[in-house]
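Protein chains: 2
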Amino acid sequence: MKFVVDQQVEDIELPENLKLNTFLQEFHSDCHDPQCGFGFYGFAFGQSPFPVPRPIQEALVKNVNKGAYAPVQGIPELREAISKYNKFYFGIDVDPQRIYVGPGTKELIFNLLEILHGTVILPTPAWLGYLPQIRFLKKNYHMLLSGENGKISPHDLKKLALRLHDRQKILILNNPHNPTGVLYDKSDLEEITEVCREQGITVISDEIYAQTTYDFSKFVSMGKIYPEGTFVTNGLSKSHAAGGYRLGYVIFPQHALDVRRQFKKILATEYTAVSTPIQHAAVAGFEISSELNDYFEITRNIHQLIGEYTFNFLNKIDGVVATKPEATFYLLADFNSFANELEKNKINTSQKLSEALIIHPYHTAIVGGDSLVLERTDFRARIAFVDYDGEKVYYNYKNQKPKTFSEKLEFVECNAPKVVSGLKMIEKFLNDLKRNLNSDLQTLENPIKLTI
Amino acid sequence: MKFVVDQQVEDIELPENLKLNTFLQEFHSDCHDPQCGFGFYGFAFGQSPFPVPRPIQEALVKNVNKGAYAPVQGIPELREAISKYNKFYFGIDVDPQRIYVGPGTKELIFNLLEILHGTVILPTPAWLGYLPQIRFLKKNYHMLLSGENGKISPHDLKKLALRLHDRQKILILNNPHNPTGVLYDKSDLEEITEVCREQGITVISDEIYAQTTYDFSKFVSMGKIYPEGTFVTNGLSKSHAAGGYRLGYVIFPQHALDVRRQFKKILATEYTAVSTPIQHAAVAGFEISSELNDYFEITRNIHQLIGEYTFNFLNKIDGVVATKPEATFYLLADFNSFANELEKNKINTSQKLSEALIIHPYHTAIVGGDSLVLERTDFRARIAFVDYDGEKVYYNYKNQKPKTFSEKLEFVECNAPKVVSGLKMIEKFLNDLKRNLNSDLQTLENPIKLTI
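Chains F and W supply the protein sequences, listed in that same order.
Read in order, the letters of the first sequence correspond to residues 1 to 452 in our numbering.
Read in order, the letters of the second sequence correspond to residues 1 to 452 in our numbering.
Don't read these hints as lab results, they were simulated from the structure.
Virtual Cβ for every residue (Gly too), placed ideally from N, Cα, C.
Watch out, some of these pointers could steer you wrong.
Calculated pairs, DSBU-like style, for lysine-lysine (alpha carbon to alpha carbon, straight line, at most 30 angstroms) [what the hints assert, rightly or not]:
#	chain 1	residue 1	chain 2	residue 2
1	W	62	F	392
2	F	398	W	62
3	F	138	W	264
4	W	392	W	218
5	F	2	W	264
6	F	2	W	87
7	W	418	W	408
8	F	2	W	151
9	W	62	F	62
10	F	264	W	264
11	F	2	W	84
12	F	138	W	2
13	W	224	F	2
14	F	264	W	139
15	W	138	F	264
16	W	139	F	138
17	F	408	F	218
18	W	264	F	139
19	F	392	F	403
Interface residues of chain F toward chain W, partial, derived using beta-carbon atoms under 7 angstroms [unchecked claim]:
#	residue
20	5
21	69
22	103
23	110
24	136
25	246
26	265
27	269
28	271
Sequences are here, hints too, so could you generate the full structure?
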């Protein structure tokens with residue numbers, strides 16, 4: 001029997017990180033080099049490596065008997081806890097009525113884009129999840145290229161908004177920013193808000209990395225600066241290392257009563273509610289406690305340590321420019337100065353650069369620029385620095401916090417050896433490229449192919 | 001700030017059961033009668049009242065530390081377990097590659113309707129969840145009225161299919177059937193399949209109530225009869241009393257490779273994957289064990305006991321005709337012979353009948369016909385017979401299984417007193433109606449209004 005699939009579904013692409021992951025799973029067993037029992041250095045997949053905080057695990061244990069459907073918006077005690085969490089950490093007063101819980105911020109952002117009429121403004125580079133959603137929903141959209149500092153300029157935003165004639169304009173702001181690790185500070189947000197107020201721009205502020213901000217005092221939520229026009233999304237995935245739990249939330253703008261009513265219909269129509277035991281577990285994740293506070297502090301300190309190491313290592317390589325992360329566990333590395341050498345090796349797209357790096361002897365997985373909504377020929381790539389044993393590193397850090405520069409260096413080298421080796425592999429690749437030694441680059445005969 | 005909501009979102013309605021539930025929550029505290037501290041007799045919400053099976057709870061306890069993202073299709077061990085479960089209970093050989101896991105069958109059906117091009121054929125009466133999805137996705141659809149036996153006729157299906165000129169036609173078959181409790185047997189399915197093969201009709205077979213079939217030997221999966229053209233959906237919600245866990249699965253038709261590839265893109269774009277701890281817990285729910293087998297048997301026996309009581313009670317009321325459930329925990333009760341009396345009391349829609357029954361002194365919640373995709377003036381209503389303490393009743397039944405007719409009667413009266421009292425309330429309402437005693441009916445001054 002033949003099945004007919006909707007054209008708009010045919011047209012979208014699998015999010016690049018999942019495509020890559022599928023490839024890596026296949027590649028793992030496929031490297032034919034006789035010396036090669038090794039998988040790869042993983043700079044591609046953006047997942048916090050730490051254990052799920054103990055209070056969340058314990059709360060889940062206590063609530064395994066909760067088989068009944070939860071209310072569409074989320075259980076009241078969870079929305080209450082999220083409200084208090086926002087007050088404590090982000091200094092925002094949010095009535096629990098303004099909070100809706102969903103199975104991850106990804107689906108909540110999808111649902112918001114489903115219900116909000118209008119043109120989307122997507123700053124680039126961007127997290128690889130937004131564009132497939134926008135395309136699938138057939139929304140009008142415009143890119144907004146970030147400047148050298150990794151941030152969009154309020155001036156450019158205004159210029160673009162003036163060109164758009166849609167009744168509603170929706171800016172997707174991702175702060176802290178994936179893939180650059182850059183943080184918009186208070187004055188950045190105030191300037192953007194000024195333009196948004198003037199031009200009537202609605203903001204979806206994806207703040208999933210908020211809690212990973214290295215100097216946490218610097219993080220400011222857009223929900224605080226522009227409360228009447230911002231949908232803030234956040235959740236357990238990054239700060240609580242519980243991406244697999246699938247729990248996120250959205251804070252609706254003040255007074256957005258009708259939108260909340262419409263949103264509830266969509267949730268009820270599409271998925272009823274988030275898993276009840278998971279919601280009860282999440283309550284513990286948003287309660288204020290010194291244990292969780294320590295967890296946030298330790299994990300963000302480790303991200304910073306390894307992030308600074310990665311940044312320093314890459315920036316020391318002649319020709320590489322990397323963004324300096326102030327949050328998250330990513331940075332964006334720019335290899336464009338190698339364009340000529342890459343071209344000589346028939347590497348003329350970022351996709352081909354990713355492929356060349358993954359094969360023997362480099363075995364290094366990165367996310368190429370075209371997945372980050374950059375030009376196909378832009379040789380920038382996201383480096384996620386999380387390929388280490390999070391549980392072990394967490395306890396090592398807790399037991400002996402490195403203080404001096406050399407202690408920090410030693411900590412990273414002992415605790416994240418694959419990150420260090422992977423960075424050396426990138427360096428070797430670039431050296432080989434310069435010396436034109438890597439004729440191996442052409443050995444990947446078949447382009448990356450997807451199987452289900 | 002004003003937000004503009006997409007018109008198609010504005011146009012859909014909240015699924016009726018959730019609307020009703022919201023109303024009941026409000027009503028609960030709103031009945032102004034001084035004698036009234038009572039809530040309501042709940043025939044409206046379709047949720048299994050039993051405890052989540054012990055093996056599932058224990059497996060969840062063991063997997064609370066699983067914070068990592070799961071693969072989009074579902075973890076391999078779960079798809080393996082579901083495959084074996086289908087072999088054991090439904091006699092179908094399903095390669096785990098054909099199985100995709102989702103956060104409830106509701107979302108999986110939504111995703112299938114998203115990717116499958118074509119016109120939907122929706123048999124009526126129908127579960128209240130399909131129509132809002134179809135409308136929201138702006139799909140073409142046609143109703144197909146079921147016959148007096150509660151089933152669609154293959155002849156009518158063929159006639160309708162011949163009128164449709166779409167390249168693809170999608171029949172949503174719900175077997176066993178919500179709201180009637182009716183079961184399509186093997187020969188019914190074979191006749192429907194013959195038409196589907198001839199007319200090239202794709203089937204989404206929602207078999208979420210399969211395991212509740214009172215005489216389980218009678219249940220046959222459409223995936224067995226029409227394997228090349230059927231998407232079978234099932235999950236934990238009804239058979240395992242774990243609707244709140246949010247875990248369902250779809251079995252793709254044989255050889256539907258391209259559709260599976262497209263489906264994976266949609267899942268990855270919309271929600272990444274189902275909660276990892278929940279997936280690990282579900283493995284235990286689909287493993288073959290005498291404990292789970294006993295659980296299925298006991299719970300389906302209790303549904304049958306209370307279902308037969310409810311059926312007998314309603315059918316004894318002069319003028320009421322109820323469907324005889326062979327599965328599920330529902331039946332459809334027909335009050336159309338009271339149309340004149342209802343009319344005299346200004347009750348001229350099924351919605352108004354639901355409202356009249358909910359107010360003092362009746363306090364009885366049913367789901368009216370318009371929520372079941374029937375005409376607004378059709379006075380049939382779904383009666384869910386699950387308003388009892390499932391944990392207590394489960395153990396009472398296990399300890400002493402009623403055998404004779406009088407033991408069964410006594411069991412229901414002792415164990416499901418609210419079901420019994422609620423049925424008596426329906427009888428009283430109808431008697432009052434006949435004797436024109438219920439001038440109270442007009443006291444619900446404000447129509448049901450939704451707040452968020």
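Ascending list of hint numbers which this structure does not respect: none
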